[in-house]
Amino acid sequence: MPGIYVHIPFCKQKCSYCDFCSFPDKSAYEEAYMACLYKEMSLRKDQLKDYTFDTVYFGGGTPSLIDAKYIYGAVNQIQKCFSLSKNPEITLELNPGTISESKVKTYKLAGVNRFSIGLQTAIDEQLADLNRIHNVRDYVYATTLLKGENFSTDIMLGLKNQTKDDLYKTVELADKCGSSHISMYALTVEDGTPIYTDYLNGELPDSDEVAELYEYGRSLLKERGFDRYEISNFAKKGKESKHNLNYWRRGEYVGFGLSASSYLMGNRITNTFDLDEYMKCILSGFIPAVDSEGVLKKDAMFEKIMLALRTENGLDITEFEREFSVSFTDKYRTALQKNKEYLQVKGSRLSIKEQYLYVQNGILMSFMEENEKK
Amino acid sequence: MAKPKSTIRNFCIIAHIDHGKSTIADRIIELTGQVSKRDMSAQLLDSMDIERERGITIKLTPVRMFYEALDGVEYEFNLIDTPGHVDFTYEVSRSLAACEGALLIVDATQGVEAQTLANVYLALDNNLEIIPVINKIDLASADIEGAKSEIEDIIGLDASYAPCVSAKEGTNIRDILEAIVKYFPAPEGDTEKPLSALIFDSYYDNYKGVILFVRIKDGSVKVGTKIKTFLSPTVYEVTEVGAFSPRLQPKEILQAGEVGYIAASIKSIEDVAVGDTVTNALNPAPMPLPGYKKVQPVVFCGIFPLDGSKFNDLKDAIGKLKLNDASLTFEPDSSVALGFGFRCGFLGLLHMEIIQERIEREFNMDIITTAPSVSYKVHKTDGEEFFVDNPSHLPPTSDIEYMEEPMVKAEIYIPPDYVGAIMELCQDKRGIFKNMEYVDSKRVRIEYRLPLNEIVYDFFDELKSRTKGYASFDYELVGYERSKLVKMDILLNGEVCDALSIIVHEDRAYPRGRMLCENLKDTIPRQLFEIPVQAAIGGKIIARETVKAVRKDVLAKCYGGDITRKKKLLEKQKEGKKRMRQIGSVEVPSEVFMEILKTNKDK
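For the protein sequence lines, the chains are B and L, in the order given. The numbering of the first sequence is the numbering used here, which starts it at 70 and goes up by one. The numbering of the second sequence is the numbering used here, which starts it at 26 and goes up by one.
Hints may contain errors.
Said to hold, decoys possible - Straight line, CA to CA, 30 Å or less: simulated DSSO-like cross-link-like pairs of lysine-lysine:
| # | chain 1 | residue 1 | chain 2 | residue 2 |
| --- | --- | --- | --- | --- |
| 1 | B | 229 | L | 582 |
| 2 | L | 207 | L | 28 |
| 3 | L | 207 | B | 422 |
| 4 | L | 247 | B | 233 |
| 5 | B | 306 | B | 238 |
| 6 | B | 149 | B | 177 |
| 7 | B | 308 | L | 582 |
| 8 | B | 108 | B | 216 |
Quick caveat, the hints were computed from the structure, so don't treat them as lab data.
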């Protein structure tokens with residue numbers, strides 16, 4: 070189950086909502102950065118020699134912006150340094166404004182077998198508003214290049230002036246163009262991003278309107294055969310993202326590159342967000358971690374619940390009890406009682422009832438409170 | 026008979042808030058060289074932080090000074106400062122009883138104010154000699170002659186010899202000192218008679234026990250004297266006597282005519298009542314000095330710890346405040362919504378605010394206070410009569426024959442432009458017009474009879490906002506009156522929240538209920554289910570609002586790098602929840618309990 074994450078921090082321009090670690094003005098660094106990335110992998114080769122990885126995920130930034138040879142090189146380096154399982158899922162995030170036939174060819178050659186395309190919305194004015202570098206036609210073109218491939222489409226909720234009809238058009242387009250998987254995210258407004266101003270001016274839909282859009286989108290996706298398997302993720306049968314499912318099972322993963330996180334042997338490690346610092350570390354032979362913490366058992370227990378309850382399948386109680394040697398129902402009696410209206414148990418699985426998945430923070434809070442008790 | 030020293034002058038200062046009382050006191054202290062200018066922090070007598078910040082004096086702090094007058098004789102001055110606010114009239118009367126004279130400070134730009142009058146009458150009742158002092162003569166808008174003629178016309182004092190000063194600039198302060206020597210009488214009494222000393226204040230000191238502030242009327246007291254008071258049989262041995270410099274300064278002996286303090290290892294302030302008389306246990310005086318009447322609290326509210334587990338800390342805090350403030354009353358109280366706390370009684374709204382603030386600041390506690398209430402007289406159908414100040418202690422409506430509420434006589438001074446606005450306000454507050462007169466061309470005095478429960482709600486704020494702050498206001502209790510009062514409950518998700526219940530006049534119930542529900546709707550965070558917010562009288566719902574169920578409350582993305590962040594976010598929310606109270610199935614933040622105090626205008 071363990072996965073590998075690779076961060077590519079370059080993009081053409083910042084989207085108006087983006088607070089990820091990405092730089093629109095650092096393309097000169099590409100080559101040096103990738104060299105460091107390869108080096109970081111070899112630095113951790115020994116540490117990870119007992120692991121067999123099932124998935125690889127290239128995220129960003131915009132991994133499809135840089136020369137495709139680097140992706141090829143990275144997969145190559147991963148294979149050289151680590152052991153991968155027989156049919157690893159290798160995903161690449163892709164921006165429709167950066168794609169070409171030859172790039173796709175190289176990705177496939179490298180072994181990439183799953184793509185995640187950022188469409189966000191099928192309304193051109195909204196794309197412009199988000200400062201995306203592509204339009205709807207670019208998306209359609211990109212999907213023709215990926216014909217026959219397994220790909221996912223990202224769409225967004227809560228955009229300025231977004232109507233149900235807009236959402237309908239977006240879902241329809243993503244489906245018609247052949248997506249096997251759709252991620253439908255509510256826009257998260259972060260302080261410091263350009264869109265924050267819109268938020269302050271009350272120009273974005275409020276949380277009730279977003280919830281309304283979400284419910285509508287969920288029903289549209291269901292009609293089209295996309296089943297929800299996590300709060301924001303919907304897939305045709307068997308097309309769930311293995312890489313992401315591993316996060317929600319609280320599986321182990323290793324992250325390479327700027328700002329990447331790892332969770333290995335009970336430790337959460339985060340790499341530096343500073344590009345120069347990152348390269349300096351790697352070149353001096355150090356792991357560029359800025360933050361590393363051991364996860365205590367009680368925190369681990371809560372994380373397990375928090376992550377598992379994001380999924381439609383919920384938490385495997387038997388597995389939980391085996392992992393932590395506690396009785397789940399004893400430990401969380403009050404939380405279970407207090408939220409019995411919102412929770413359901415099927416076999417040994419505890420999950421949030423489908424209509425309450427979108428309001429889970431309140432439910433998680435009860436588990437968190439109880440977790441603190443001895 | 027041995028007369029007290031003729032060089033002693035005991036006096037106090039009377040002034041309206043802001044007329045410069047503390048500044049004048051500071052100047053006098055400075056001029057007599059009691060405290061060097063360099064060491065003086067502004068307004069020495071206001072020793073509490075809150076007093077300095079608000080620019081008001083709450084606790085009186087006496088100070089002894091020596092002044093060499095123009096006649097070449099050195100006089101001993103004992104200045105007993107007085108609080109200026111209406112809530113503290115009681116403290117004023119206490120200090121007046123310890124003096125022979127009073128300086129009446131009048132602001133040359135504002136003239137005589139309502140508050141000034143009330144205290145002047147108090148001073149006259151105590152047979153004090155009064156010297157008017159015209160202050161703030163340095164200001165461009167000062168009208169010295171106007172102020173003088175007001176003093177003569179309104180108060181009936183001869184203002185021709187009044188010192189005209191500027192405390193701020195230090196101008197003519199010596200005139201005040203000379204006037205004190207010349208016009209205030211020396212104390213009377215007999216140093217040979219048995220000890221009789223009036224306790225005019227007290228506070229608790231961790232090392233010395235209760236410190237009694239006394240004015241010795243007859244006899245003397247020194248270390249070793251066995252003393253007792255008239256109200257308590259316990260005998261104490263004096264461990265220290267002294268004067269106020271203004272810090273405690275031990276002396277060998279306190280004699281008739283003097284003002285000072287006595288320490289006698291008294292353990293609790295409850296053991297010695299302010300207003301009582303200290304006498305010699307072995308050779309007691311035949312009669313106590315005339316004391317003052319015990320003050321009754323008029324405004325009440327519940328005070329609860331925000332964190333329910335801090336009840337004992339709160340108990341400690343209130344207990345310690347009580348040590349220094351005999352007028353504060355409290356008894357344990359419990360609320361379904363707020364858990365265990367105290368029902369406290371105050372002399373007025375300002376007193377209440379100050380106590381609340383002192384608990385929060387001096388004891389670093391977060392508290393929840395319930396709506397201020399007054400004491401209602403309940404007549405039950407079975408003939409029983411009693412007072413209720415806590416809405417949740419009201420018997421069922423069917424058992425109540427009728428209720429009475431406390432009424433006040435309110436005097437409001439305003440510029441003529443605001444007469445209409447104030448009359449409208451008083452009508453709104455169920456006031457009955459009594460009288461109106463022009464004090465002069467710039468000021469009108471309006472008198473209303475008003476229910477106290479309207480005043481404790483938002484009267485002050487309204488008064489201020491409707492007159493741009495120009496109104497001055499004073500009130501006194503004038504008894505009880507039968508009234509159509511009802512208890513209004515607030516229901517959250519169908520359950521009564523006792524901490525939000527109020528007693529309100531029937532005619533006011535509907536608008537209050539509607540407004541309250543609206544305010545609560547906006548304050549209660551949305552939860553997983555819909556929450557009806559209702560106002561009810563008896564079983565009848567008179568207003569309803571709904572807090573809609575939350576529909577989205579989730580982090581959209583949660584991948585590898587988000588896990589820690591997401592966890593921290595939830596932890597932060599959980600911390601916030603510690604400040605929440607559970608009412609039935611509903612979680613409410615503590616701010617909710619303040620909503621009851623708010624009006625539409627606050628929104």
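**Prompt:** Going straight from one Cα to the other, do residue 306 of chain B and residue 238 of chain B come out at no more than 30 Å?
**Reply:** holds (23 Å)
Note to self: Just to be careful, I want the Cα atoms of residue 108 of chain B and residue 216 of chain B compared with a cutoff of 30 Å; is the pair within it?
What the structure shows: Status violated; Cα separation ~34 Å.
Would the pair residue 247 of chain L and residue 233 of chain B pass a check requiring their Cα atoms to be no farther apart than 30 Å?
-> It is violated: about 90 Å lies between the C-alpha atoms, which goes past 30 Å.
### Query
Straight-line Cα separation of residue 149 of chain B and residue 177 of chain B no greater than 30 Å?
holds (18 Å)
Can you confirm whether the C-alpha distance between residue 308 of chain B and residue 582 of chain L stays at or below 30 Å? Status holds; Cα separation ~19 Å.
- prompt: Is residue 207 of chain L within 30 Å of residue 28 of chain L, Cα to Cα?
  reply: Measuring from Cα to Cα gives roughly 19 Å; hence the hint holds.
Can the restraint linking residue 229 of chain B and residue 582 of chain L be considered satisfied, given a maximum Cα separation of 30 Å? holds (20 Å)
Between the alpha carbons of residue 207 of chain L and residue 422 of chain B, is the straight-line distance 30 Å or under? violated (89 Å)
Checked against the numbered hints listed earlier, the structure breaks hints 3, 4 and 8; every other hint is satisfied.
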